[in-house]
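With my numbering applied, the sequence shown corresponds to residues 1 to 333, in that order.
Simulated from the structure, these hints should not be mistaken for lab results. Glycine included, every Cβ here is placed at the ideal spot set by N, Cα and C. It cannot be assumed that every hint is accurate.
Stated by the list, open to error - Below 27 Å or equal to it, Euclidean Cα-Cα: the simulated BS3-like pairs (lysine-lysine) are:
#1 K69 <-> K207
#2 K207 <-> K137
#3 K171 <-> K107
#4 K295 <-> K232
#5 K232 <-> K300
#6 K107 <-> K158
#7 K158 <-> K69
#8 K107 <-> K232
#9 K266 <-> K158
#10 K207 <-> K266
#11 K207 <-> K171
#12 K279 <-> K300
#13 K232 <-> K279
To be verified - What follows is a list of derived Cβ distance ranges for each label pair:
#14 G272 <-> K137: 34 to 42 Å
#15 A156 <-> E30: 30 to 38 Å
#16 V132 <-> K300: 42 to 50 Å
#17 I302 <-> D22: 40 to 48 Å
#18 H198 <-> A156: 41 to 49 Å
#19 D59 <-> G272: 51 to 59 Å
#20 Q140 <-> G272: 20 to 28 Å
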Amino acid sequence: MTIREVRIAIIIVNCDDGSLLDRGIASIAEQTLPPSEIVLVGDKIHGSHSSTVSWWVRDCPVRSVSTAKSCLATRRNLGVAHSTADYIAFLDPGDQWLPSHLEELAKPFLITRVHPLGWAFGDFDMVDDSGVVSVHKVLQHVGFAHPIRDVYTFLAGKALAFLSTSIISRKAFDAINGFDELLIDYGDEDLFLRMFRHGYDNVFISKSLTRQRQFFPPRGDLPDGHLIYLEKLLQMFPDEPGLKQRSFARALLAPRFFSAMISTCKVEIANGRPDAAMKALRSLGFVASLYHVTKRPLMKAIVALFWARLLIRMIRLHVQRRILVSMRTFRLR
1 MTIREVRIAI IIVNCDDGSL LDRGIASIAE QTLPPSEIVL VGDKIHGSHS
51 STVSWWVRDC PVRSVSTAKS CLATRRNLGV AHSTADYIAF LDPGDQWLPS
101 HLEELAKPFL ITRVHPLGWA FGDFDMVDDS GVVSVHKVLQ HVGFAHPIRD
151 VYTFLAGKAL AFLSTSIISR KAFDAINGFD ELLIDYGDED LFLRMFRHGY
201 DNVFISKSLT RQRQFFPPRG DLPDGHLIYL EKLLQMFPDE PGLKQRSFAR
251 ALLAPRFFSA MISTCKVEIA NGRPDAAMKA LRSLGFVASL YHVTKRPLMK
301 AIVALFWARL LIRMIRLHVQ RRILVSMRTF RLR
């Protein structure tokens, strides 16, 4: 097979707002290796979306899949199910691909390997909403090891492979039954981790092939996402007592998710959402219990400080409301 014979389907999810498509679709039209098909998935997909994409990307079939299901994983799975190509690329609305994106990522799949290739991913530049570059070659800038060679990299949160910077083998995708629709966050990482454990290899292209709007997606609006994924990882990687006393929970998962959940707690407390903050703090307490017994008191003390911080915030909000009510009553008089 030559590079020109590689068939790649592009899946674009949550593209209801046509204005978000312009930058990404324009970058598809400039690809040195044109896609074989494009699938649009969203809540209110209609003919105008397909017409817009077809105008930009000539001689490429465009399918529209309208669904009321809000789950991102479900929409991604639907997009793949409505495609026929051997390889899959996901484009997030607002992101841009450099002209050689598809071609560079497709080349590794043409090489015969000992282990089947599940996905190839490249480096990327981080840009703001206007498209101005703020960081070149982000993955090399942060210093994480790529390609990914062990599960510990995933568990520590250092497997920074994103869908929009990758091409995925359809065989690998089907072998693990696609995205886990029970997750509300960490879907990219979970997909690549399961491919890796299923025996599929990965290749890293050191060139910047994508311009991505944001590096670390904000997770403050998804307080349950951390805990759901953590519980899945705890089931996938139970502690292994023995001579080495291997403990994935206390060595890798606890430090990673404790830090992530602290950020969530800060967001919920600052936004004055006590119910969400209390839920996040209970999850934080659960993660603190995963630490080694010698570190557990310190972690629980940190949790207690955040409970106190939440209480102070709630008192302040209550006082502010009482003052506003008093001022309105005084004005009415």
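Cross-check of the supplied hints:
As the CA atoms of K69 and K207 are separated by approximately 36 Å, the hinted pair breaks the 27 Å bound. At most 27 Å may separate the alpha-carbon atoms for a hinted pair to count; K207 and K137 meet this at roughly 7 Å. Among the hinted pairs, K171 with K107 is consistent with the structure: their alpha-carbon atoms are about 17 Å apart, no more than 27 Å. With a C-alpha separation of about 23 Å, the suggested pairing of K295 with K232 holds against the 27 Å cut-off.
Note on K232 and K300: the hinted pairing holds, with a Cα-Cα distance of about 23 Å set against a maximum of 27 Å. The hinted pair formed by K107 and K158 meets the criterion: a straight-line CA distance of about 25 Å does not exceed 27 Å. For the hint pairing K158 with K69, the CA-to-CA distance comes to about 31 Å; that exceeds 27 Å, so the pair is violated. With a C-alpha separation of about 34 Å, the suggested pair K107 and K232 falls outside the 27 Å cut-off, and the hint is violated.
Between K266 and K158 the CA atoms are separated by roughly 23 Å; this keeps the pair inside 27 Å, and the hint holds. For a cut-off of 27 Å, the pair hint linking K207 to K266 is broken: about 36 Å separates their Cα positions. Distance hint between K207 and K171 is fulfilled; the C-alpha atoms sit about 26 Å from each other, no more than 27 Å. Restraint check: the Cα-Cα separation between K279 and K300 comes to about 16 Å, which is no more than 27 Å; the hinted pair holds.
Between K232 and K279, the direct Cα distance comes to roughly 18 Å. Compliance with the 27 Å bound is thereby established for this hinted pair. Restraint check, G272 to K137: a C-beta distance of roughly 39 Å satisfies the suggested window 34 to 42 Å. The hinted window of 30 to 38 Å between A156 and E30 holds, with their beta carbons roughly 36 Å apart. In this structure, V132 and K300 meet the distance hint of 42 to 50 Å, their C-beta atoms being roughly 44 Å apart.
Range check, I302 to D22: about 45 Å between beta-carbon atoms, so the 40 to 48 Å window is met. The given range of 41 to 49 Å is broken by H198 and A156, whose C-beta atoms sit roughly 20 Å from each other. In this structure, D59 and G272 meet the distance hint of 51 to 59 Å, their C-beta atoms being roughly 53 Å apart. As the Cβ distance of Q140 to G272 is approximately 40 Å, the hint placing it in 20 to 28 Å is violated.
In this structure, the earlier hints numbered 1, 7, 8, 10, 18, 20 are contradicted, and the remaining ones agree with it.
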